[in-house]
Structure formats: C-alpha cells, structure tokens
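Asks: Below are the chains, spelled out letter by letter.
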Amino acid sequence: MSELSVLDATGDTKLIWDRRNQVEVDAAREMFDKLKKKAYLAYTVIGERGDKGTVLNRFDPDAERIIMAPPSIGG
Amino acid sequence: MATAALPFVGMDAGTSLTNVETMATWVFWNSNSIVATGTSISNSVWSYWNIGTASGVTSQVTASAVWGNWNQQIIVNSIGQANFQMPLETEEQRVAREARAKQYEEETKAKEIRAQQLLLSFLTEEQAETWQKEKRFEVVVKGKIYRIKKHERVHLLDEKKKPTIAYCIHPSSEHGLPAEDVALSQKLLLETDEEAFLRIANATRVA
Chain Y
1 MSELSVLDAT
11 GDTKLIWDRR
21 NQVEVDAARE
31 MFDKLKKKAY
41 LAYTVIGERG
51 DKGTVLNRFD
61 PDAERIIMAP
71 PSIGG
Chain W
1 MATAALPFVG
11 MDAGTSLTNV
21 ETMATWVFWN
31 SNSIVATGTS
41 ISNSVWSYWN
51 IGTASGVTSQ
61 VTASAVWGNW
71 NQQIIVNSIG
81 QANFQMPLET
91 EEQRVAREAR
101 AKQYEEETKA
111 KEIRAQQLLL
121 SFLTEEQAET
131 WQKEKRFEVV
141 VKGKIYRIKK
151 HERVHLLDEK
161 KKPTIAYCIH
171 PSSEHGLPAE
181 DVALSQKLLL
191 ETDEEAFLRI
201 ANATRVA
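So the sequences go chain by chain: Y and W.
Heads up: the first sequence is residues 1 to 75, going by the numbering used here.
Heads up: the second sequence is residues 1 to 207, going by the numbering used here.
Keep in mind that the hints were calculated from the coordinates and are not lab data.
Because the structure is a prediction, the values reported are computed rather than measured.
Treat the hints loosely; a few may be bogus.
[Stated by the list, open to error] With a Cα cut of at most 25 Å, we get these calculated BS3-like pairs of lysine-lysine:
| # | chain 1 | residue 1 | chain 2 | residue 2 |
| --- | --- | --- | --- | --- |
| 1 | Y | K14 | W | K111 |
| 2 | W | K142 | W | K160 |
| 3 | W | K111 | Y | K38 |
| 4 | W | K149 | W | K162 |
| 5 | W | K149 | W | K160 |
| 6 | W | K133 | W | K144 |
| 7 | W | K133 | W | K161 |
| 8 | Y | K14 | W | K109 |
| 9 | W | K150 | Y | K14 |
| 10 | W | K142 | W | K161 |
| 11 | W | K160 | Y | K34 |
| 12 | W | K111 | Y | K36 |
[Stated by the list, open to error] Taking CB as the label site, the calculated pair distances span:
| # | chain 1 | residue 1 | chain 2 | residue 2 | range |
| --- | --- | --- | --- | --- | --- |
| 13 | Y | K37 | W | E98 | 38 to 46 Å |
| 14 | Y | E3 | W | V141 | 19 to 27 Å |
| 15 | W | T90 | Y | R29 | 51 to 59 Å |
| 16 | W | M86 | Y | A27 | 48 to 56 Å |
| 17 | Y | V23 | W | T90 | 50 to 58 Å |
| 18 | Y | K34 | W | I113 | 24 to 32 Å |
| 19 | Y | P71 | W | T164 | 21 to 29 Å |
| 20 | W | E129 | Y | E30 | 37 to 45 Å |
| 21 | W | R97 | Y | V23 | 41 to 49 Å |
| 22 | Y | P71 | W | A110 | 24 to 32 Å |
| 23 | Y | R29 | W | C168 | 30 to 38 Å |
| 24 | W | P87 | Y | N21 | 52 to 60 Å |
| 25 | W | S121 | Y | R29 | 21 to 29 Å |
[As the list claims (entries may be wrong)] Calculated Cβ distances over 12 Å to all of chain Y for the following chain W residues:
| # | residue |
| --- | --- |
| 26 | Q85 |
| 27 | Q93 |
| 28 | E134 |
| 29 | K144 |
| 30 | K187 |
| 31 | R205 |
Idealized CB from N, CA, C, for every residue including glycine.
Just chain W, same shape as in the assembly (with noise of 0.2 Å):
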C-alpha cells in the first residue's frame, strides 16, 4: 500500500520539518510532494495517508484533527514549553493543602523526637552531650575511634581526631528512618559486629 510513501518523497524533495507551525508549512509541503512525484491534489495525499494510517489502527481518523494535534504537539516539543494554564486552587483546596502540610510537618517533629529519645537512651552522658550541642558522637571500638554525626558518613579517626576513612553506610532507604535512629544503628552495629560493619560498609580513604 502506498499510504505513506507520497508525503515522504515530498521531504526527500528538500522540505525541512525544523520549522512545522502552520498549517501553511504542510500545503506547502504537499505541494512539494505534488511537484516530486506528479501526484495531484494535496488534500486528497493528506486524506489518503490519514486514512491509510488510521485503517492500519483500528479506526478512521478525521485528517484535519489529526493534522491539528500532530501540528500541536511537535510546536510544544519543539519550543520545549507548553503553553498550559494550570487551574486556579480553590479557597477549600488551599485550606486541605496547608492542613496536610502542617499534618506532615508535626509528624516528622513527633518521630524525631522518638527517635532521639531512644538514640539518647543509648548513649553514655559524653555522647549524649556532643549529639544534643553538635550532633554527632564518637564510639570507641577494639582501641579505635570512629565518629558517628548526623546525616554523614561514618569517620575513622586518628590520634589527633582527624578523619583517616569514611565509611558509608546505613539501614535501606526503604524503610525511610529518622537520622537518629540511623545513627544508633551504625552504633549498634559497630559495637557489636565490626566486623559486618566493615564489610558491608563503602569505604573511602580521606584526603
């Protein structure tokens, strides 16, 4: 079937698509095909492709809505913005969204202050000082110093406290853990099993 093959020979003729805006372009195009191959009448190449590449679906597609989205969607592509208006928020639906928001926010609040209680019930009364005033604590393992602190890595320190290797680790992401409660389980961890820690854990060397 030669559905397809009129329009294409018409490109091949030297008709760019860079610049596809109007339904101009597309008269102008055909009428390029026409002059290529000696096929007449536009309108009826448009329909007999349309027609032709609907039949291969499942229905008939009216040519010029066809035309009109496919026209449409390569501008918004091309240009890379879409021109959308998003509805307005309703006076109700902007008292549901801050609703849900202060809902969200004094939910966090609540479990990290759970879990800061048990972190801390944990921790000896250094530690517990040095996490409350700068959040972070150092946990003594086989003579070794290794530092936990809030959202970071784990830190192997020197003699003179200085990080030597940092080592990443922490409970999957999926169970989505307070910092606290990531940080007592790197110290549970190292604690009991340094070994496992040391295995599991990415390390990298400190500059």
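Next comes chain Y alone, as it looks inside the complex (with noise of 0.2 Å):
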C-alpha cells in the first residue's frame, strides 16, 4: 500500500491506494494533480526515517510515501 498525505488545517489529509488497483491508483493521481495545480509541492521518501526525500513533479504509483505542502511563501 501506498500513502499520500497532504499538510492542511487538520494535521494532515491521507489517501491510501494500492498500486494493482487502477482505480485507487487514478484517485491519487487526481488528487496528485489538482494539488499540483495550486502549486503544491510534492515530495517522495524512501526508506528509514529521517531519510531524504526527493521532489516528485508527476505522480509515481509505485512511491511508497508521497508527501505535499502548500506552496511556501517569504515571511
């Protein structure tokens, strides 16, 4: 299984998909990009904690972890 989350108002917002369900894999797709439409960023982490993640501009089904932010701004 695979795991989306995206940082909001509530903590954060999880969609799980399986990667040999087509229709799980097309939720997350969507919902990958129509935040990557309001200028989410998007990241991926594989492996231990802690360890680096790397930027993800299109949707990878076969991530473990995605992880998208809202679009930072300077303070």
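Two chains, two frames, some hints: make the complex.
Replies: Written out as structure tokens, the structure reads:
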C-alpha cells in the first residue's frame, strides 16, 4: 500500500492506494494533479525515517510515500 | 436652493461645534444664524434645512428625529465611547459557547497530535529527541547547518552553532497549518531544493 499525505489545517489528510488497483491509483493521481495545479510541492521519501526525500513533479504510482505541502512564501 | 446655506452662515459667525451636546446648543446656533443673516424664526430654518436635505435623498424626514440622531452620534463620537449595554448571555447561550470552546480546543489538540506524529515520522532519532525536548531540530544541507524551531524563523548556524542568518519562510497562511506541519515543509524544502528555499525566504543577518 502507498500513502499520499497532504498537509492541511487538520494536520494532514491521507489518501491510500494499492498500486495494483487502477481505480485507487487514478484517485491518487487525480488528487496529486489537482494539488500540483495549486502549486503544492510534492516529495517522495524512501527508506528509514529521516532519510532525505526527493521532489516529485509527476505522480508516481509506485512511490511508497508521497507528501504534499502548500506553496511556501517568504515572511 | 438655499437649503443648507443658512446654518452654515451661523457657523461662520463664530459658533463652535466642538461641544455640541444638547438641544440648547442647536437653538443657540440657530439664533446666531438668525442674527447674522437677518432671517427670522429658528425653527423654520431647521425645518427648511431638514426638508431640503431629505428631498435631496428620497424621503421626507422629521426634523426633530434627524436632529436627535445627529446629536446622539456626535456625542458618542466626540466622547469616544458608546454607552451601550450588551444584552446578558442566557444560560443556554453560555452552555453552547462553552461547548464550542471545548470542541475547538479538542480539535486543535487533535490536529497538533496528528501533525506531530507526521513530523516525527520524518525525523531521525536525534532530531525527534530535540524536537520533543526543545521543539527544534537541525538539518545539514551541503555541509551547512540549519536550525528549524517551532514558531520561529529558520536559522543558519555557524561552526559554533551560533545563528548567523535568519530565514523567514512558511507555507501560505491561508492553509492554517499547525506549527509541526510548517516545520516539516521547511525541512523538506531545505533538503530537496535548498536553492528554492533561499530564493523564497526573506533573509536577515543576525547580529
């Protein structure tokens, strides 16, 4: 199972998908694309906790964990 | 039309409006107008002005009501405080208000716990430990040490761990993220795209 976490006012909202289930993959991809259009930043993290992630520009159905954060601004 | 002209002539004649408080003032002011202009009967001046003003809008206004309202506003404004009495809260309203406050508090706590769990899942043991103790952790990017601290700017540290530059950067506030989410987004951006982080952040040299 893979997980997409979106940072939001509730802490985060999670969307789980099974890469073998096309309907779930499509739902996750739709969410990913929708947020990318809103300039959200997407990261994928592989391995143990604390490992550095990489920026994700396209939805990867094989990713274990994706995290999406709202666009950052200077204060 | 000479609607507003008569009272203003009175003002020019030396009447001050700074202490307008009572009907007596208006009578006095009108009297001055009468003397200055030679026009007679103060009530007719006021009525005429009011009618003229009202017809300029859409409807006829009762002169005394207009004057009463106007005077009331001036008094409130000039004193700077309104003597309004708020209606007392009923028992039912108090219970509802307290229930809302409790619900808000619980929701806030729940989202902080969720955000903290997510953040901790991205931290090394050392980072997690300092976050739990001091609400801060350090991130090493290309040999440079950055310190991320709850509700504070991100600091670039020197070799003695002394802050040298403060970077103000956060997810846009419209999303209302908990502080732990803000820290996580700072960490992820720093580690994956330091260039973008430095481009977006407002930097201030720390004295």
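Asks: Against each hint, give a clear statement of whether it holds in the structure.
Replies: Against the structure, the hints come out as follows:
With a CA separation close to 13 Å, the supplied pair K14 of chain Y and K111 of chain W stays within the 25 Å bound. Distance check on the hinted pair: K142 of chain W and K160 of chain W sit about 17 Å apart at the alpha-carbon level, within 25 Å; holds. Between K111 of chain W and K38 of chain Y, the direct Cα distance comes to roughly 23 Å. Compliance with the 25 Å bound is thereby established for this hinted pair. With a C-alpha separation of about 14 Å, the suggested pair K149 of chain W and K162 of chain W falls inside the 25 Å cut-off, and the hint holds.
Taking the CA atoms of K149 of chain W and K160 of chain W, the gap is about 18 Å. The hint holds against a cut of 25 Å. A C-alpha spacing of about 23 Å is found between K133 of chain W and K144 of chain W, which places the hinted pair at or below 25 Å, so the restraint holds. At roughly 18 Å between alpha-carbon atoms, K133 of chain W and K161 of chain W fall within 25 Å of each other, so this suggested pair holds. For the given pair, K14 of chain Y sits about 18 Å from K109 of chain W by alpha-carbon distance, which is consistent with the 25 Å threshold.
In summary, the hint linking K150 of chain W to K14 of chain Y is supported, as the alpha carbons are separated by about 23 Å, within the 25 Å threshold. At most 25 Å may separate the alpha-carbon atoms for a hinted pair to count; K142 of chain W and K161 of chain W meet this at roughly 16 Å. The hinted pair formed by K160 of chain W and K34 of chain Y fails the criterion: a straight-line CA distance of about 44 Å is larger than 25 Å. Between the alpha carbons of K111 of chain W and K36 of chain Y the distance comes to roughly 24 Å, so the proposed pair stays at or under 25 Å and holds.
The given range of 38 to 46 Å is respected by K37 of chain Y and E98 of chain W, whose C-beta atoms sit roughly 42 Å from each other. A hinted range of 19 to 27 Å for the beta carbons of E3 of chain Y and V141 of chain W is consistent with their spacing of about 26 Å. Between T90 of chain W and R29 of chain Y the beta carbons are some 52 Å apart, a value that agrees with the proposed interval 51 to 59 Å. Remark: the range hint 48 to 56 Å for M86 of chain W to A27 of chain Y is upheld by a beta-carbon distance near 50 Å.
Range check, V23 of chain Y to T90 of chain W: Cβ separation about 52 Å, and the 50 to 58 Å hint holds. A beta carbon spacing of about 27 Å between K34 of chain Y and I113 of chain W agrees with the range 24 to 32 Å that was offered as a hint. P71 of chain Y and T164 of chain W have their C-beta atoms about 27 Å apart, which keeps the hinted 21 to 29 Å range intact. Checked against the hint of 37 to 45 Å, the C-beta distance between E129 of chain W and E30 of chain Y comes to roughly 39 Å, which is consistent with it.
Judged by the Cβ atoms, the range 41 to 49 Å given for R97 of chain W and V23 of chain Y holds: they are separated by roughly 45 Å. With their beta carbons about 25 Å apart, P71 of chain Y and A110 of chain W fall inside the hinted range of 24 to 32 Å. The hinted window of 30 to 38 Å between R29 of chain Y and C168 of chain W holds, with their beta carbons roughly 34 Å apart. The hinted window of 52 to 60 Å between P87 of chain W and N21 of chain Y holds, with their beta carbons roughly 58 Å apart.
About 23 Å separates the C-beta atoms of S121 of chain W and R29 of chain Y, a value consistent with the hinted range of 21 to 29 Å. At roughly 37 Å, the least C-beta separation between Q85 of chain W and chain Y is larger than 12 Å, which holds for a residue marked as non-interface. Annotated as non-interface, Q93 of chain W keeps its C-beta farther than 12 Å from every C-beta of chain Y; the closest such distance is 27 Å. At roughly 18 Å, the least C-beta separation between E134 of chain W and chain Y is larger than 12 Å, which holds for a residue marked as non-interface.
A cut-off of 12 Å between C-beta atoms confirms that K144 of chain W is not in contact with chain Y; the least separation is 14 Å. Remark: the non-interface label on K187 of chain W conflicts with the geometry, its nearest Cβ contact in chain Y lying 10 Å away (cut-off 12 Å). Chain Y leaves R205 of chain W outside its interface by the beta-carbon criterion, the shortest separation being 15 Å against a cut-off of 12 Å.
Violated hints, listed in ascending order, are 11, 30; each of the other numbered hints is respected by the structure.
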